[in-house]
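Go ahead and model the full structure; you've got the sequences and the hints to work with.
2 protein chains.
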Amino acid sequence: MKSEVSVLEGARIFPLLATLTLGIIIWFIPVPSGLKVEAWHLFAIFLSTIVGIILKVLPIGAVAIIGIAVVAITGVLDPNSTKGAVKLALSGFSNHVIWLIVLAFFIARGFIKTGLGSRIAYIFVRAFGKKTLGLSYSLLGADLILAPAVPSNTARGGGIIYPILRSLSESFGSLPDGKTNRKIGSFLILSAFQGNIITSAMFMTAMAANPLAVKLAGDLGVEITWTGWALAALVPGIIALVVIPYFIYKIFPPQIKETLNAPKIANEKLKEMGSIKIQEYIMLATFVMLLVMWIFGKSLGINGTAAALTGLGVLLVTGVLTWGDVKKETGAWDTLVWFSALVMMATYLNKLGFISWFSGNVQGVVGDMSWYIAFPVLITVYVYVHYFFASATAQVAAMYAAFLSLGIAVGVPPMLMALSLAFMSNIYATMTHYGTGPAPVFFGSGYVELKDWWRIGFYISVIQMFIWLGIGGVWWKVLGIW
Amino acid sequence: MKSEVSVLEGARIFPLLATLTLGIIIWFIPVPSGLKVEAWHLFAIFLSTIVGIILKVLPIGAVAIIGIAVVAITGVLDPNSTKGAVKLALSGFSNHVIWLIVLAFFIARGFIKTGLGSRIAYIFVRAFGKKTLGLSYSLLGADLILAPAVPSNTARGGGIIYPILRSLSESFGSLPDGKTNRKIGSFLILSAFQGNIITSAMFMTAMAANPLAVKLAGDLGVEITWTGWALAALVPGIIALVVIPYFIYKIFPPQIKETLNAPKIANEKLKEMGSIKIQEYIMLATFVMLLVMWIFGKSLGINGTAAALTGLGVLLVTGVLTWGDVKKETGAWDTLVWFSALVMMATYLNKLGFISWFSGNVQGVVGDMSWYIAFPVLITVYVYVHYFFASATAQVAAMYAAFLSLGIAVGVPPMLMALSLAFMSNIYATMTHYGTGPAPVFFGSGYVELKDWWRIGFYISVIQMFIWLGIGGVWWKVLGIW
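Protein chains in written order, with the working numbering: chain A, 313 to 794; chain B, 313 to 794.
Some clues are possibly wrong.
Remember, identical chains collapse to one label, so a pair may be satisfied in a single copy or spanning two.
Straight-line distance between alpha carbons at most 30 Å, and here's what the computed DSS-like set of lysine-lysine pairs gives [said to hold, decoys possible]: (1) K495 x K442; (2) K640 x K425; (3) K442 x K425; (4) K640 x K368; (5) K569 x K581; (6) K395 x K562; (7) K442 x K583; (8) K589 x K368; (9) K640 x K581; (10) K569 x K442; (11) K589 x K562; (12) K663 x K442; (13) K399 x K663; (14) K395 x K527; (15) K640 x K763; (16) K527 x K640; (17) K589 x K442; (18) K443 x K569; (19) K443 x K425; (20) K663 x K395.
Calculated from the structure, these hints are not laboratory results.
What follows is the structure, given as structure tokens:
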């Protein structure tokens, strides 16, 4: 007798029920005073979406679609207009930072397809390939050199470093296939991502939201200069760049550690590849053009996403990439969907006043403390609240000014507070796969599992706070900042 | 000796040069007086994009990316802010009508994957399958019955009719593969699309922009009632529904015309398929749920796109569709990119005043004419200017009121002008593959080539104007409308 009921391959039932139960309970809890009902309901949906992602109810993109659907159908973003609510629910899809990421996926495909990525990887291996740890430091060196001049950490991490290390990993037979991830790829991804966060914190011009922090501090009377920032960040930044990759190497070791004959193999491979193909030259020229546009974007008047669009246009016109390659780049479409859902929710949690309500409650707690206690409390809250943010910039825009004024009010030296919050506005991205622009590119590669990403990210957040506030604090005392 | 220069697979060189030359010439022509320089430059980019699509410089999506890149990099939409210009260039990507289309692609996949589409198709074939023409009329009958109650022509044409006829075509071995298109699929696609335009024109509630036209006419003192609309449309609508599919059948004949033993084959196939699987029941339930939400959306307070998001959510939770199915649905991503580019450009051609400048120039030409001449001139201009619009709604919003007031000013009976423009606000979508919501769904199937779509669309626009204004004009005289 043939069974007529087929097994469904949909959501995992118990995680689904847990997520739904959580969301429904929060939804129906009486709304805390001082908060709009829409803000509370959006928080319920946001938290359920995050929990649904963590519990792997379905793949991230599917959870995101359901999150968007719930936002749209409940109309929380615009209770007076069903069409208006849907428009806002979809607003993340036109975010220019998300498109920079999506375009970086397409452009990275060009490195892989033309073989230029492998060629660069082999040249790297030939020069630095004796040990895996050395390889990771050399990638971070490249990131550090670019950092002062490339204000988009997404372009730098996602557009420049990622394609190179991706090809590097593949040339070592390490693919995001669930079998060979840990050979070398997962270690390189995680150390490049965590290193990118450090370089972003080291220069005022190394991350898009840094100048915003400077502007907000200036409004409160704290003038941070370019050199002041760089000098204060120098010691903790260099220490972090040395310590963090080593920590990852120990806690999340690559299987390939010694690669003594790799330089020889690389040299053979480079000979096999022959001279550079015309597609590789075009890819290289596009890459250099992108680099120039990203580095000199401000003076040339070219936005980073506009540059990336142009770069993709060049690759399409010259046939280095076909439209078919773009359509089939499923990782890009996946990222577009889930990142758009999270950015939309984070944006409206802020706009509906949830974030300021949250800050207000924190203020009630720390109001009477001495600043020696209030300072670490404020910084810790500022860092860990980033679990709820899908963008580094959004939290700076929402909370930087409030926390700075709060710190100044309880007596923290203003420049100490301003710089600490500014550095932490980068460092807080260590913890999640959505907390800053390059995170979804690196995470989206599929080399590192979500639980490892979050677990190691949390450990590193603790180490980073010790390095920046502990060692950094001493250094800033020496500099006379406090 | 091995050649070191590989052949590139990029843009077709001469069409590319022609398109670029056209764009550059228009860009540098002195800006016509009364027009902002940004509006003129955007028009240059828009026209080049359309020409690039028509000349097949690259696949549509690639041309669209280049169009978006040019808009972004030239900063025409916001000359004062490179970031602002990019944000506006990407604004199409969050358009809720586009997402309704994208979601319809995903949902249509569920019909195909579960086999429910084939099952419905075979039931259709069993009942009406003796002749291809009869089959197409039966699909139009279904569309007509739904039309008064489903105000989204995209949901009706793209979400309901399209998946059924797609399965129907595939069951006849007609795929969009460049070989078997013309067996039956290309005919059914074209007649369903053109028929959908007719049913959209027949009821005030059959297309989203119809109520907008009624509102704008009301503002100018012309009160159109639901019954008044339906009665005026009855005769020309029914005639068009009979004539247009027959015209397509003659000018663009399917290879399969007589399908005498198809009902028998269909019955065999249905027996082979056995009883309905659980996935099919879920798909059917989702479809009915969507139908209810689309039909009663207004009274339930549910937007069409929100309904589609919910439907996709149900299919994902139950595993009828996996996230992998969604990511791999390249037709949807393709449509997202090119439709977003066109909607963005059309929106800003309007916002920057190009459309009103254009209307103003038309006014200068017809100002002194008798209304017997001005009326057909105005209607003809109104219809054919739709080549420049990527949405039926956009043109209504931009031009309906201007043309109605112009017609009234030169002495056209107000109700005649108001109704004619309202009907033409649907009919003008015959001509392109982007002029109304369902167009990219039907066109995106790949069954009909662009040149056929445009050629036959143009012929039908002429026939439609004769039916509606000629025969309809007599009918409206009988009704006492003029």
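Hint by hint, here is what the structure shows:
Only within a single protomer do K495 and K442 lie at most 30 Å apart by alpha-carbon distance; the minimum there is 15 Å, versus 62 Å between protomers. Proximity of K640 and K425 under a CA criterion of 30 Å is satisfied in both settings, with 13 Å inside one chain copy and 19 Å between copies. Only within a single protomer do K442 and K425 lie at most 30 Å apart by alpha-carbon distance; the minimum there is 26 Å, versus 50 Å between protomers. Taking the shortest Cα distances, K640 and K368 sit within 30 Å of each other both inside one copy (24 Å) and across copies (20 Å).
With identical chains, the CA atoms of K569 and K581 are at most 30 Å apart within one copy only, with a shortest distance of 20 Å there and 59 Å across copies. When the C-alpha separation of K395 and K562 is checked against a cutoff of 30 Å, the pair qualifies neither within a copy, at 52 Å, nor between copies, at 41 Å. Proximity of K442 to K583 under the C-alpha cut-off of 30 Å is restricted to the intra-copy arrangement: shortest distance 19 Å within a copy versus 66 Å between copies. In this assembly of identical chains, K589 and K368 lie within 30 Å of each other by CA distance solely across copies; the values are 27 Å between and 43 Å within a copy.
When the C-alpha separation of K640 and K581 is checked against a cutoff of 30 Å, the pair qualifies only within one copy, where the shortest distance is 28 Å, while the shortest distance between copies is 33 Å. When the C-alpha separation of K569 and K442 is checked against a cutoff of 30 Å, the pair qualifies only within one copy, where the shortest distance is 9 Å, while the shortest distance between copies is 70 Å. In this assembly of identical chains, K589 and K562 lie within 30 Å of each other by CA distance neither inside one copy nor across copies; the values are 40 Å within and 51 Å between. For the identical chains of this complex, K663 and K442 are neighbours neither inside a copy (51 Å) nor across copies (60 Å), given an alpha-carbon limit of 30 Å.
Taking the closest pair of Cα atoms, K399 and K663 come within 30 Å of each other both inside a single copy (15 Å) and across two copies (19 Å). For a Cα distance limit of 30 Å, the shortest separation of K395 from K527 across copies, 17 Å, qualifies, whereas the shortest one inside one copy, 36 Å, does not. Taking CA atoms no more than 30 Å apart as the test, K640 paired with K763 passes in both settings, with 27 Å inside one copy and 26 Å between copies. Within a single copy, K527 and K640 get their C-alpha atoms no closer than 41 Å, and across copies no closer than 43 Å, so neither meets the 30 Å cut-off.
In this assembly of identical chains, the alpha carbons of K589 and K442 lie at most 30 Å apart only when taken from the same copy (28 Å versus 58 Å across copies). Taking the shortest Cα distances, K443 and K569 sit within 30 Å of each other inside one copy (6 Å), while across copies they are farther apart (70 Å). For a Cα distance limit of 30 Å, the shortest separation of K443 from K425 inside one copy, 27 Å, qualifies, whereas the shortest one across copies, 49 Å, does not. Within a single copy, K663 and K395 get their C-alpha atoms as close as 19 Å, and across copies as close as 21 Å, so both meet the 30 Å cut-off.
When the structure is compared with the earlier hints, violations turn up for hints 6, 11, 12 and 16 and for no others.
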